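Given the structure of chain A, go ahead and fit chain B onto it with the hints provided.
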Amino acid sequence: MATDESQNLPKVIVFIKPPVFTLLGEHYFHSPIFQFLKAYESPLPLHQFLTTHAHSIQAILSSGGAPVTADILDKLPSVRLVVTTSAGLNQIDLPACRLRGVAVANAADVYSADVADLAVGLLIDVLRKISCADRYVRQGLWVTKGDYPLGYKLGGKRVGIVGLGSIGFEVAKRLEAFGCHISYNSRKKKPYASYPFYSNVHELAANSDALVICCALTDQTRHMINKEVLLALGKEGVIVNIGRGAIIDEKEMVQCLVQEEIRGAGLDVFENEPDVPQELFAMDNVVLSPHRAVFTPESFKDLAELVVGNLEAFFLNKPLLSLFGDE
Amino acid sequence: MANQSEEQNQEQQQRPIVMVHRLPTFSFSFANRLKTHYHLFDPLDSPDLIDLHRDSVRAIFCVGPSPVTSELIARYPCLEIIVGSSAGVDHIDLRECRRRGIAVTNAGNAFSEAAAEYAVGLLIDALRRVSAGDRFVRAGLWPKAGEYPLGFKLGGKRVGIVGLGSIGSEVANRLAAFGCSIAYNSRKKKPSVPYPYYAKVCDLAVNSDVLVVCCALADETHHIINKDVMTALGKEGVIINVGRGKLVDEKELVQFLVRGEIGGAGLDVFENEPYVPKELFTMDNVVLSPHRAVLTQESFEAIQEVVVANLEAFFANKPLVSPVQNE
Numbered sequence: 001m002a003t004d005e006s007q008n009l010p011k012v013i014v015f016i017k018p019p020v021f022t023l024l025g026e027h028y029f030h031s032p033i034f035q036f037l038k039a040y041e042s043p044l045p046l047h048q049f050l051t052t053h054a055h056s057i058q059a060i061l062s063s064g065g066a067p068v069t070a071d072i073l074d075k076l077p078s079v080r081l082v083v084t085t086s087a088g089l090n091q092i093d094l095p096a097c098r099l100r101g102v103a104v105a106n107a108a109d110v111y112s113a114d115v116a117d118l119a120v121g122l123l124i125d126v127l128r129k130i131s132c133a134d135r136y137v138r139q140g141l142w143v144t145k146g147d148y149p150l151g152y153k154l155g156g157k158r159v160g161i162v163g164l165g166s167i168g169f170e171v172a173k174r175l176e177a178f179g180c181h182i183s184y185n186s187r188k189k190k191p192y193a194s195y196p197f198y199s200n201v202h203e204l205a206a207n208s209d210a211l212v213i214c215c216a217l218t219d220q221t222r223h224m225i226n227k228e229v230l231l232a233l234g235k236e237g238v239i240v241n242i243g244r245g246a247i248i249d250e251k252e253m254v255q256c257l258v259q260e261e262i263r264g265a266g267l268d269v270f271e272n273e274p275d276v277p278q279e280l281f282a283m284d285n286v287v288l289s290p291h292r293a294v295f296t297p298e299s300f301k302d303l304a305e306l307v308v309g310n311l312e313a314f315f316l317n318k319p320l321l322s323l324f325g326d327e
Numbered sequence: 328m329a330n331q332s333e334e335q336n337q338e339q340q341q342r343p344i345v346m347v348h349r350l351p352t353f354s355f356s357f358a359n360r361l362k363t364h365y366h367l368f369d370p371l372d373s374p375d376l377i378d379l380h381r382d383s384v385r386a387i388f389c390v391g392p393s394p395v396t397s398e399l400i401a402r403y404p405c406l407e408i409i410v411g412s413s414a415g416v417d418h419i420d421l422r423e424c425r426r427r428g429i430a431v432t433n434a435g436n437a438f439s440e441a442a443a444e445y446a447v448g449l450l451i452d453a454l455r456r457v458s459a460g461d462r463f464v465r466a467g468l469w470p471k472a473g474e475y476p477l478g479f480k481l482g483g484k485r486v487g488i489v490g491l492g493s494i495g496s497e498v499a500n501r502l503a504a505f506g507c508s509i510a511y512n513s514r515k516k517k518p519s520v521p522y523p524y525y526a527k528v529c530d531l532a533v534n535s536d537v538l539v540v541c542c543a544l545a546d547e548t549h550h551i552i553n554k555d556v557m558t559a560l561g562k563e564g565v566i567i568n569v570g571r572g573k574l575v576d577e578k579e580l581v582q583f584l585v586r587g588e589i590g591g592a593g594l595d596v597f598e599n600e601p602y603v604p605k606e607l608f609t610m611d612n613v614v615l616s617p618h619r620a621v622l623t624q625e626s627f628e629a630i631q632e633v634v635v636a637n638l639e640a641f642f643a644n645k646p647l648v649s650p651v652q653n654e
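These protein sequences, in sequence, are chains A and B. Position 309 of the first sequence, counted from 1, bears residue number 309 in this note's numbering, the numbering being contiguous throughout. Position 155 of the second sequence, counted from 1, bears residue number 482 in this note's numbering, the numbering being contiguous throughout.
Since the hints were derived computationally from the structure, they do not count as laboratory data. All figures in this text were calculated on a predicted structure; none of them were measured in a lab. Beta carbons: idealized from backbone N, C-alpha and C, even for Gly. Hints are supplied without guarantee of correctness; some may be wrong.
[Stated by the list, open to error] According to the in silico footprint, chain B covers these stretches of chain A (three or more CB under 8 Å from chain B): (1) 37-48; (2) 118-125; (3) 148-158; (4) 169-181; (5) 272-281; (6) 290-301.
Chain A with its partners taken away, still in its complex shape (with noise of 0.2 Å):
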């Protein structure tokens, strides 16, 4: 029976439900190869619900919202890999794995091409109006008040790409198609890339009409979006984050909206989701996006074959597939 036969097999637990098991489906993640031990069907309490699993768990599948912190791997001295669905590694201590030897695989370049399509769509969004048109018009008001003001072109745009990784190359790709004027700042400039490089980000936003975020979250890219830095971009400036809310300050950004020191903001993440603040909404010159940059349900196809693989692989002791290396 399916039953007994599972019972062989080695474990990977998760933590929580991770929203991909929802949206697309648990079966996609299904494997002979190992099974899925979840703490989240398990009325013991976490640290209860490791102490009893701890030795047979060799693998952990890690989704956003529930962080793999070093006292979490210190319960679990058998894990060997930690698998995310998420493109993001901030919920990792990444040198507590590192200290310990435990792999981690994330979601590599699985969602790249649509997180960027999203930036690129938030920025024409919030350079065109299109989200506030289409409000106006919902509102009856094209026929009582006539024509929506203009919005501004992108072509011809210099756009600042903040983080030029897997995510930030491919909407630097798509935005060179609009005839927009490209250039980054990176931790190092990068080999491959032929756009002009800032080495800081304050630098980059005085010479940019426009600033995509694309980096990840880590103690150095927290608040990396400043004041001064929002100041250098510009009253006629915009911005778009589709990396993580709180490499912007949050608080800071809303004051420079609230007071047109920059011109717009497009926004799929924010410090506290889904807490989103007040005053943006009253704002036309802003789009919000639930955090759903990866929510396509293809992505989510090609994430599963890509979960299922790495773990597959770990436990056929053959190479990972997107093994996460230290820059």
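The following block gives chain B in isolation, referenced to the frame of chain A:
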């Protein structure tokens, strides 16, 4: 001083006359620039001068889509050119112009990039539900995330461009950068174009996931997107229209959307603007836009240049910059 303005007036009178034709609610911002070279005559401002100037008017500057009827054309026996400031020319009686040998110029490429980026913006919005997501957040619904339907991936989609003119080509260039595959339908195959050509729109639709309608409105293209084309496009198909409302059989489109027989739409134009079918107001897979695909600050500068260039060319007997082929 009175003497100076009299001199200025006299100077004006010696310049070639350009009649400004506009609906009373329309205006344009570059009259002073035109006055440096031409004697501007606006019948709305000076109706008493119509008789005086009737036989001198060789050129009409048509502001926006102000209708140019056969009656108007008949009033000016020496008319040789109508310089338009719109991308479309369906507001001009082209048959009468052809009969009288009157040249017509349009906006040329002045608006093509703006229109193309807007079309791409509408497509990303329709597929990835950007406006719907923005509405969702503003309505305070995000805390209930997980209920929100996924968007769809843009990359890899087969895009059929209906009308590969200057706007259609710019759309193609941009969407290629997203990893879309491009095919097209046009009156005639374009020899230098690398994309597959379909002589019939239905065949294009069968082989497409998305149709982007960019062609001119003429007798042959009225309702070119009809019930058969929508059926051929299929349940997951998306239609983007930045051409003219009457290119699409709007009643049918609404029915297809209501019955879920088509995946979605992004519409900048409608059959009876500013009226938009009410059924569309509650749909999240539709993006509604009040006919503004070209309306950017930058477009206004660009159109000035095209109008001035066409007038200069005409009065210097040089080739027109953006003549409309009126066969």
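Going down the list of hints, with the structure as the test:
Coverage of a stretch by a chain is defined here by at least three residues with a beta carbon nearer than 8 Å to that chain's beta carbons; for the region 37-48 of chain A and chain B the count is 0, and the condition is violated. Coverage of a stretch by a chain is defined here by at least three residues with a beta carbon nearer than 8 Å to that chain's beta carbons; for the region 118-125 of chain A and chain B the count is 6, and the condition holds. Only when three residues or more bring their CB closer than 8 Å to a CB of chain B does the claim for the region 148-158 of chain A stand; here the count is 8, and the claim holds. Requiring three or more residues with a Cβ within less than 8 Å of a Cβ of chain B, the coverage given for the region 169-181 of chain A holds, as 6 such residues are present.
By the rule of at least three residues with a Cβ nearer than 8 Å to a Cβ of chain B, the coverage given for the region 272-281 of chain A holds, with 4 such residues. With 9 residues carrying a beta carbon less than 8 Å from a beta carbon of chain B, the region 290-301 of chain A meets the three-residue requirement, and the given coverage holds.
When each numbered hint is compared with the structure, a violation occurs for hint 1 only.
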